[in-house]
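Q: Here is how the chains run, residue by residue.
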Amino acid sequence: MLEIKDIEKLAKLARIELTREEMQRLLKEVDPILDYVTQLKEIVSKIGEEKKAGELRNVVRNDENQNETGANTKNIVAGMPNSQDNYLKVEKIL
Amino acid sequence: MNVKNLMTEDLLKKNNMVIDLKNLTIKKAHDSLVTGEYTSVELATAYLEQIKKSDKDIHAYLSVFNDVIPQAKKADEIIKSGKAGMLTGIPIAVKDNILIKDKIATSASKILENYVATYDATVIEKLKKEGVVFLGKTNMDEFAMGGSTENSAYGPTKNPHDLERVPGGSSGGSAASVAGNMALVALGSDTGGSIRQPASFCGIVGLKPTYGAVSRYGVMAMGSSLDQIGPFGKTVEDAEILFNVIKGQDRMDSTTIPDKKDEKLSINKLKIGVPRDFLKIGGIDKDIIQNFEDSLSKLKKLGHEIVDIELPNLKYSLAVYYVIVPAEVSSNMARYDGMRYGKRVSGATGIEDYFLSRQAGLGREVKRRIILGTYVLSSGYYDAYYNKANIVREIIKEDYKKAFKKVDIIATPTTPGIAFKIGEKIDDPLQMYLEDIFTVPINLAGVPAISIPSGTKKIDGKDLPIGIQFIADYSREDKLFFVGKNFLGEL
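Chains A and B are the protein sequences, given in the same order.
The numbers in this note's numbering rise by one with no breaks, and the one at position 13 of the first sequence is 13.
The numbers in this note's numbering rise by one with no breaks, and the one at position 288 of the second sequence is 382.
Quick caveat, the hints were computed from the structure, so don't treat them as lab data.
All C-beta atoms, glycine included, are put in the ideal place defined by N, C-alpha and C.
Warning: the hint list may mix true and false statements.
[As the list claims (entries may be wrong)] Here are the simulated BS3-like cross-link-like pairs (lysine-lysine), alpha carbons at most 25 Å apart as the crow flies:
#1 437(B) x 12(A)
#2 437(B) x 89(A)
#3 222(B) x 74(A)
#4 204(B) x 12(A)
[Stated by the list, open to error] Which residues of chain B face chain A? A few of them, derived with a C-beta cut under 10 Å, are:
#5 349
#6 431
#7 521
[Said to hold, decoys possible] Which stretches of chain A does chain B cover? Using the computed rule of at least three CB atoms under 8 Å from a CB of chain B, they are:
#8 11-22
#9 83-93
Pulled out of the complex, with its shape left as it was, chain A reads as follows (with noise of 0.2 Å):
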């Protein structure tokens, strides 16, 4: 069973505010799903734990420029929230 604290630290974590009412129906909504999934568990524990997940396959490209330089720029700056002299402007961080 999950806390209202939890929501908090996860909500923390995830970078998103809540109201208090958002965290009271998120547990609320949560909680049932996490109990729906903990199935897995007993699932594992019957079929053991020997099988890998996925197949890995490595992908790989020349180390090179994917655009011209500045191809883009007009148009990417233009999508920016704020922006000044082609650069992306954001409040200090501290």
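Once you have looked at the hints, place chain B on chain A.
A: The following block gives chain B in isolation, referenced to the frame of chain A:
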């Protein structure tokens, strides 16, 4: 009134008499375009007029482009020059999580309210080369999370067969645009049923290709190990034509697989497996089961062999899916922080900007999955949830591998019920998730599947569509097209 408007209205009058949008297919439209029966401009105008008429009720589109006619004019020039391909001048709708350069792409989220795409998705680039006409971007569940299109930040889409019901989701707008004759064909994306379930609810054809068959460069990622782009059409042939254009390996998407050499399907009697045990899972509408049995009889009459098969581990699919998806979502959604694009809500510091932008910009289901995903990936729980889910995912894959050694096709209903009413399930996420029971395992395994209209159920005087799902082995979309066409009498 200016001259331009008068001209459009004249064209419309002509079109309403000439073009039967309801029964139109790509091939029919192509023939009419090349023989000059009508032009691409006239065809596009007919669709725009239908959108104007129907979409205020259905709300399939988030945006209709203002350059549809110029696109169609360009297509007409290609047609006139004799260089038309099958898709030249064909009007198409695109789900709003797929990027078209210089067009707004919101993914039905507030956080991307005014986001203008800076490049074309690979599938769009391919379609532009063919000279298709893009009509607009379609409504969806926010970032493709949901099964009803009710999670759109811009209001739900209605089912064209009954405006009180959902069109399904998450590609509900694309399905409704085709079913409502507001586009000839459409593109959607499918992570756990998001093409096949709305196709079933809206009575059209929807294909989820093999994982890696179609490039996802330029589509907003949701569950990266599951997402796949696919076509909607009114016929299997339309879906096939569209699929053949958008598929193929792409250096911009490292998960794409090489094209399969087009080996001709040599047999025309297929062995179709039915996972009987899996169908006994509770909660399935008895009319859906009846319709499914009728469909099997029809397939038998067509000369196919029906055999029982076992897929014993499919019943764990939803548990696996609802760990893997939130995990991948929580990671994929991290990029929507209001910094580089989209909506930014300013706080006192840069960090506070993240918190406030994501609070204001992301919807309820998205937040729910992010929180859930953050939990299952957090230290101490990672092994209990995410790793276990991946182990079980492998045994589900093996179920399919074993089955496809014995049969060509696996058949199930597409959904456990018909389209539900708007608001009916929105407050019970787990109940909503159970809707995906027949579609989710396919994405976990990565095999291709198609939903085909198989009948209707009459409720309150309305005929609500039912779909049957055919599943094939990796890269065997050809078998899906064959059995689908055979089933619908397209051959």
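Q: Each hint: holds or not?
A: Cross-check of the supplied hints:
1. 437(B) x 12(A): holds, 20 Å
2. 437(B) x 89(A): holds, 14 Å
3. 222(B) x 74(A): holds, 23 Å
4. 204(B) x 12(A): Holds: residue 204(B) and residue 12(A) sit about 21 Å apart, inside 25 Å.
5. 349: holds, 8 Å
6. 431: Result: holds, 7 Å to nearest chain A Cβ.
7. 521: holds, 9 Å
8. 11-22: holds (count 8)
9. 83-93: holds (count 5)
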